[in-house]
Amino acid sequence: MTLMRLQHGLADYIHGRSSAIAADLADPRGLAVYHHAYRATLRACLRDTYARTAKWLGDEAFDAAADVYVAANPSHSWTLDAYGADFPDHLGQARPDDPEAAELAWLEGAMRRAFSAADAAPLDHAALAAVDWERATLAFAPGVAVRRIAGDVPGIWHSLEVDRALAQLMLAAPLGLVVWRADLEPRFRSCDPREAGAIMALMAGATFASACAEAAAEGADPQQVGAWLGSWLADGLVCAVGPAAQGAH
Amino acid sequence: MTHATPTAAEQRFGLGMRVPHYSAYLDGSAPVDFVEVISENFMVDGGRPLHVLEQVRSHYPVALHGVSMSVGSADGLDPAYLSRLKALADRIEPMWVSDHLCWTGIGGHNSHDLLPVPYTNEALQTVSTNIQRAQDHLGRSLLIENPSSYVTFAHADMGEWEFMAEMARRTGCYLLLDVNNIFVSAANHGFDAIAYLDGIPADRVRQIHLAGHTPGRNGLLIDTHDQPVPEGVWALYAEAVRRVGPVATMIERDDDIPALEVLLAELDYARSIAQPMDRAA
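If you read the protein sequences in the order shown, they are chains U and C. Under the numbering used here, think of the first position of the first sequence as 47, with each following residue one higher. Under the numbering used here, think of the first position of the second sequence as 57, with each following residue one higher.
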C-alpha cells in the first residue's frame, strides 16, 4: 500500500468515514486516540474562541452545538485561527430562539480576528486638510468589523464578566456594534445603527459623500456624521482617507 | 543549496513560553538560557503576539518549534505555510527552527495532530524530499523531532531510529530528541528505548525535549505534557545525555501548567543530571 493510500485511510478513520485502515496496522488499539483527539482539538478551539458564548449558553448546550458544527465542518487549514469563523451563523440557525447567542458569538469572533489582524500604518492626519470630501473614500484598519444587533450584546458581555443576571436580553431598538483594535487590544462599542450602516457602506467602497447622504436619508444630521468621522479618526478605525485610499478590510 | 545551520551544540537549559508565565519572559527575569515557542502561535498577521515575541527575543535566544509543517505528508508541503514560517524566522532570527517527523493532513483536510509515518523506504523518500524543500525555502537547516505514536503500521522497512538516522543523513537536518516520546512509544510499541538511543547519530542532535505523560485506555501511554517529568524519563534522559553530550534541554508543559518556579526546579534537576555527564565527557 502506498503512503498516499495509508494516509487517506488514517484520515478516513479520524473523520469517521471508514475503519478499513485497521487492517494495515500492526496494532490498531491506538486508533481511538487519534479519532478522539481530532474532535477534542476542534471543540477546544471553538470553546477558546467563543468562551463567553459557552458561558452564556452553558456547557451542555454549547458542546451540543459545537459537536454538530465540528462533524459538518472539517478543518482545511494548517492554522486553527480561522476555524469556526461561521460558527455564529451556525448558532443562529441551530438556536433560533436565542438570537442574542449568535450575536454574542459574532462579537467574540470579531474580537479574536482584531487581536491578530495585520498592523495598519498610522493615519497621516496632516494629509486630511487636502482631502476632497465629495470624492473621498475611507480605508478601515484590518480587524475593524461592524454589524447591527437586536440583542443587548454589550450588556450580556458585561454581565458575564461580573457574573450578574441581565433583566432584559433584547434591545428596545436595534443598535450598531463596532469592533477594532487600539494599543494592541481588541475593543468594541455600541453605536447608532445609522453609524454602523455608514461604516458598512464605506467598507464596501462607497464614497464618504454617499454614506453621508444615506445617513441623512435615515435622519442623521451632518454634524452627527462629522462626529462619527471624528471618532473613527481618533480611535484608529480609519487608516487612510482619499480618492486613492486602499481598502484594508 | 547551503543552509544556515543551527547554533552550535552547547549545553543550555530552557522552557517553553506559555501564557501564564509571559510576564517573566517579557521582562527577562526568568532564569533560563533560552525560550522555545510554538511557531504557529506567532505566524499571524500582526497585533500583540509578534510584539510579545520580539520583546522576549530581546532578552533570550528563541527556538521556533512548529507542529504543522507535515514533513511526512504524501501531498507535499504547503507553500503558504512555509512562506509564513520564513517571514517569522527572518524576523526573529531563532536559534533554530524545528518540527516533527509526522504528517498532519491529507487531501485538503487537517487533523491538527502529529500523525505517525510508516517507516518504509517510500515514506523515507517523501520525508526527505519534503525536508529538503523546506530547508531550501527557509534557507536554514531544520531540527526534526521524533514523535510519540499510538499505532504502528503492519509493513515497515526499518525502525524509527534507523529512519531518523537516514533522514538526517540524506537531508543534512539535525535532530530534536524527545526523550518522553521515546519512552511513550517504546512502552506503546514494545521496542527497546536504549537500542533507540544507540541508533541515533549523536552528532546530529541539537536539542532534547523532556515532558510527562499519562496512562490512557487500552494500556497505552499518552503524550499529554500535563505532568511533571517522571522518573523513567529522567533515567532515559541520563542515558541520552551520556550519548549526545552537551546539547540544549527544554521541558514541555502544555496543560495543568504549574507556577514557573516548579518548572525551574525541574530544569535544575535536568542540570544536575546533565552537568556531571558533561564534565565526565
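No lab work stands behind these hints, which were simulated from the structure alone. Treat each hint with caution, since some may be false.
Unchecked claim - Residues from chain U that keep clear of chain C, each with C-beta distances beyond 10 Å, as calculated:
1) Ala118
2) Trp179
3) Arg193
4) Ala211
5) Phe234
6) Ala273
Stated by the list, open to error - The following label-pair restraints were derived from C-beta to C-beta distances:
7) C/Ala291 x U/Ala90: 29 to 35 Å
8) U/Ala66 x C/Asn274: 16 to 22 Å
9) C/Gln283 x U/Ala66: 53 to 59 Å
Glycine included, C-beta positions come from ideal geometry on N, C-alpha and C.
Structure versus earlier hints, numbers of those that do not hold, lowest first: 9
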